[in-house]
Amino acid sequence: MSAKPGYYGKILNVDLSTGKSETVPVSSRDLDLFVGGQGLGMKLLWDRLKKPGVDALSPENPLMFIPGPFSGLPVPSSSRTCVVTKSPITAPMASDHPHASTVTYSNMGGFFGPELRFAGYDGLVITGKAKELSYIVIDDGKVEIRDARKFRGMRTDAFDKAFLEELGDRKFKTVYIGPAGEKLVPYSSIIHTAGRAAGRGGSGCVMGSKNLKGIAVKGTGQPSVADHERFLAALEKARKALYGTAYAKSWAEQGTARAIVGNSKAGTESVRNYREGTFTEADKIGGDAARRDVWVRDIACFCCPLACKKSGVTKGKYGGVVHDGPEYETGVMLGSNLMISDMPGLLKAITVIDDLGLDQISTGNVIGFLMEAYEKGMIDRKFLDGIDLKWGSVDATLAMIEKIAARDGVGELAGKGVAGLARHIGQGSEKFAIHVKGLELAAHNIQANQPRGLSYATASRGACHMSGDNIAMQNRRAMLDSTGMCFFPTFEPALEEPMLELLSAITGHEYDKKEFEKAGERIFNLEKVFNYREGFRRADDRLPDRFFEDAFTIGAKKGAVLDRKEFETMLTRYYKDRGWDPESTKPGTAKLKELGLDFI
Amino acid sequence: MTTENKENRRGVTRRDFIKGVGVGGGALVLFGQFGVHSAAWALSGEPALKMIVVDYGKCTGCRTCETACASRNRPVSVKGKELPGLGNPIHANIRVHSFNPDVDVAGVCAMCADTPCAKACPVEPDPRGRRAFYRDDATHTMRNDEKRCIGCQSCAKACASQRTGVIRPNPETGRPEGMCTLCGGDPQCVKRCPFGALSYVEVRRDRKFYGLGPEKIAAELARNWYGTTSFGGAQ
Ligand code: SF4
Ligand code: SF4
Ligand code: SF4
Ligand code: SF4
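In the order they appear, the protein sequences are chains A and B. In terms of the numbering used here, the first sequence opens at residue 4 and continues consecutively. In terms of the numbering used here, the second sequence opens at residue 5 and continues consecutively.
Source of the hints: derived by calculation from the structure; they are not laboratory data. On a predicted model such as this, the values are computed, not experimentally measured, just so you know. Treat the hints with caution; some may be incorrect.
Covered stretches of chain B, going by a simulated chain A footprint (3 or more residues, C-beta under 8 Å) [stated by the list, open to error]: (1) 63 to 72; (2) 75 to 86; (3) 127 to 133; (4) 195 to 206; (5) 219 to 232.
For glycine and all other residues, C-beta sits at the position ideal for the given N, C-alpha and C.
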């Protein structure tokens with residue numbers, strides 16, 4: 004049986020418990036319906052977890068790295084890999100299942116996804132648990148599990164180097180966890196090239212639970228395409244839509260960091276644990292400042308004409324090499340959200356978080372919560388193991404980061420995230436515990452941005468800023484993150500047609516805008532069905548009280564606050580438009596059938 | 005083109021300086037700091053030639069050049085029609101080497117004047133003076149005569165130990181691959197590089213010119229950019 008064009012029709016399954024690895028076929032129908040990345044990952048998760056409440060840290064939970072149909076072809080920005088697994092972080096308000104949690108997916112750029120496809124796989128699925136700390140080497144068809152005990156506790160920058168040295172071939176592309184993942188801190192990340200991350204949702208913790216320190220892959224093959232000539236023609240068009248454009252240049256110039264000053268002005272930045280939307284010192288940590296004082300290089304992922312990643316170097320007390328940053332998310336979560344405006348200090352925090360293998364967003368959010376609780380006298384210095392966790396203190400932030408990664412003292416509790424902390428501290432602190440379903444919010448504040456509030460409330464992995472501010476965008480993003488293409492170039496309208504053309508030429512399945520969104524809707528609905536089965540209901544699609552109670556006191560959006568009634572009305576309309584029951588949020592059978600999800 | 009000598013360093017902004025640090029041709033010209041392989045072309049007295057030059061300061065490590073090169077130099081036959089391939093980077097004659105800290109070195113044949121690669125070839129020269137590995141007189145590119153090549157890999161070893169290490173012996177035949185063809189005068193890597201990091205330029209005879217391996221180039225760039233010489237990873 005020949006595989007569907009654009010695919011190999013197989014994934015690599017590595018079982019760390021038995022040490023066995025094998026290729027497993029993926030049906031053309033599944034590839035047709037779920038495409039790759041986030042979508043195919045969700046389908047594989049659904050197939051493998053046949054009942055709700057599976058412990059995310061149990062050997063049963065598959066950890067999956069899924070590229071998409073664009074991956075391994077020279078399509079602009081076709082760099083992404085989606086890491087899909089069951090979340091070790093999220094939890095419903097109430098459920099019959101003790102380990103109930105959502106699906107989680109985390110999308111990572113770089114070179115790992117393309118290389119997986121060069122090696123001959125549409126995805127990598129890891130199950131089981133190794134007896135000792137191990138790493139996996141994939142060299143085309145050859146797969147080995149090797150002892151990694153000597154690397155125990157190694158930080159990601161050092162491991163990035165040591166791993167390649169051990170492998171003896173720079174062509175390997177690697178991913179790995181840091182000490183935090185080994186210690187099972189729930190919001191641990193998976194790191195790639197020392198500065199790229201699958202950060203959100205705790206995939207690094209799941210990797211740690213499998214006793215898996217790293218994965219290396221290299222390959223010599225390449226997937227096929229359905230229509231070669233059409234592919235080449237569309238590729239030319241896609242390049243033309245981006246190359247040398249003002250749009251691409253603006254990404255190369257500042258990356259996402261441009262928004263640090265922009266969003267602060269607009270009143271949509273996370274500042275002082277989401278108390279404000281504007282940071283008066285934003286220019287000190289923004290893109291212009293970084294360009295002037297820090298950055299030395301613009302760095303691109305595979306075949307990307309944008310180059311949004313920036314590396315640099317800082318001097319002084321906090322000086323050193325900076326693999327990436329500030330980006331918008333990292334710069335805001337560790338900067339304005341903590342009232343830190345010292346650029347080298349901010350970059351030190353960002354660098355250490357990656358080095359330890361923690362999620363930047365959750366870490367920044369947790370420390371912001373603790374700073375506020377400390378300021379309000381709900382916790383004292385003793386609670387914080389002596390750390391004087393004041394707003395803007397770099398040293399206190401650095402100390403707290405180390406504690407979290409080591410699960411040492413207060414770090415053990417802080418590692419549980421703001422939901423866990425608020426439960427422990429009480430005293431009304433849950434009002435400013437900024438999470439949805441247990442996952443912390445990102446760097447976009449919402450008192451003045453209700454649509455983004457909808458994204459946070461209804462996203463499948465908990466508070467997700469990437470999910471989309473309305474149904475159409477949510478569907479589109481779910482699909483986009485299933486193709487292997489990066490989200491950033493797709494704001495350029497001229498790319499839309501060539502992108503759809505490329506996808507059609509590769510897969511032999513005709514995609515227009517509608518068909519593209521339809522696939523995304525299918526993926527989003529399967530995620531919802533999964534979460535619903537775990538016990539997530541409307542009450543879980545809630546936003547923290549702060550957004551309805553604490554109006555901004557400064558900035559362009561001074562006075563802005565969300566209206567609860569308006570928000571609830573918007574939610575009801577959202578469920579109805581989705582074809583879900585507005586009370587329970589259960590997806591209707593008619594909708595599921597329409598989407599080809601009748602296997603549920 | 006970016007700065008090439010010390011005079012130009014005066015009066016440039018920090019960014020210009022950083023950007024200007026690395027320009028080379030499959031090789032590196034770095035304010036004349038490299039003296040490992042002395043100015044081969046400068047001494048050779050050969051006429052000027054055109055070749056691929058990399059501006060390491062502009063290169064982002066995106067590897068588009070690899071795919072463009074492979075696409076052109078590894079065409080495929082589709083329904084009896086020869087078309088550019090899908091660009092599997094494994095077949096590229098330009099190779100992007102990535103390091104930590106973040107340095108990417110696009111390596112391409114430096115078209116060395118003294119061709120240690122060709123000199124290492126043990127095959128008897130033909131009447132035109134060509135060994136199985138030889139320089140094409142018209143384009144100055146390095147070529148392999150598959151019919152006479154015995155697959156001994158001497159050319160690859162010479163290049164790797166003395167220059168850029170671009171030659172990859174074919175895993176089955178041992179014959180050399182990876183030498184830049186200049187794409188028949190229409191270099192695809194230059195055309196497709198999204199960041200203008202590659203150019204197809206005339207190399208002056210008086211230009212100091214050194215064909216170095218990617219590790220040496222990366223170490224120098226890291227020292228200039230990040231102030232560090234500690235490098236991880238495999239060689
Ligand atoms: S295409 Fe240009 S920027 Fe990209 S790796 Fe090659 S030389 Fe560097
Ligand atoms: S193959 Fe190597 S030694 Fe020969 S000309 Fe090219 S870079 Fe120089
Ligand atoms: S591999 Fe072929 S071309 Fe190279 S040195 Fe040996 S005989 Fe000459
Ligand atoms: S000029 Fe042609 S053959 Fe040479 S490196 Fe560039 S694309 Fe490859």
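Do the hints match the structure? See the list:
Given a C-beta distance limit of less than 8 Å, the hint that chain A covers the stretch 63 to 72 of chain B holds, as 7 residues qualify and 3 suffice. Proximity of the stretch 75 to 86 of chain B to chain A, defined as three or more residues with a beta carbon under 8 Å from a beta carbon of that chain, is established by the 3 residues found. Taking a C-beta to C-beta cut-off of 8 Å, the stretch 127 to 133 of chain B contributes 0 residues in contact with chain A, too few for the three needed, and the coverage statement is violated. Check on the stretch 195 to 206 of chain B: 3 of its residues sit with their Cβ under 8 Å from a Cβ of chain A, so the three-residue criterion for coverage holds.
A stretch counts as covered by a chain when three or more of its residues have a beta carbon under 8 Å from one of that chain; for the stretch 219 to 232 of chain B and chain A the count is 4, and the coverage holds.
In the structure shown, a violation is registered for the earlier hint numbered 3 alone.
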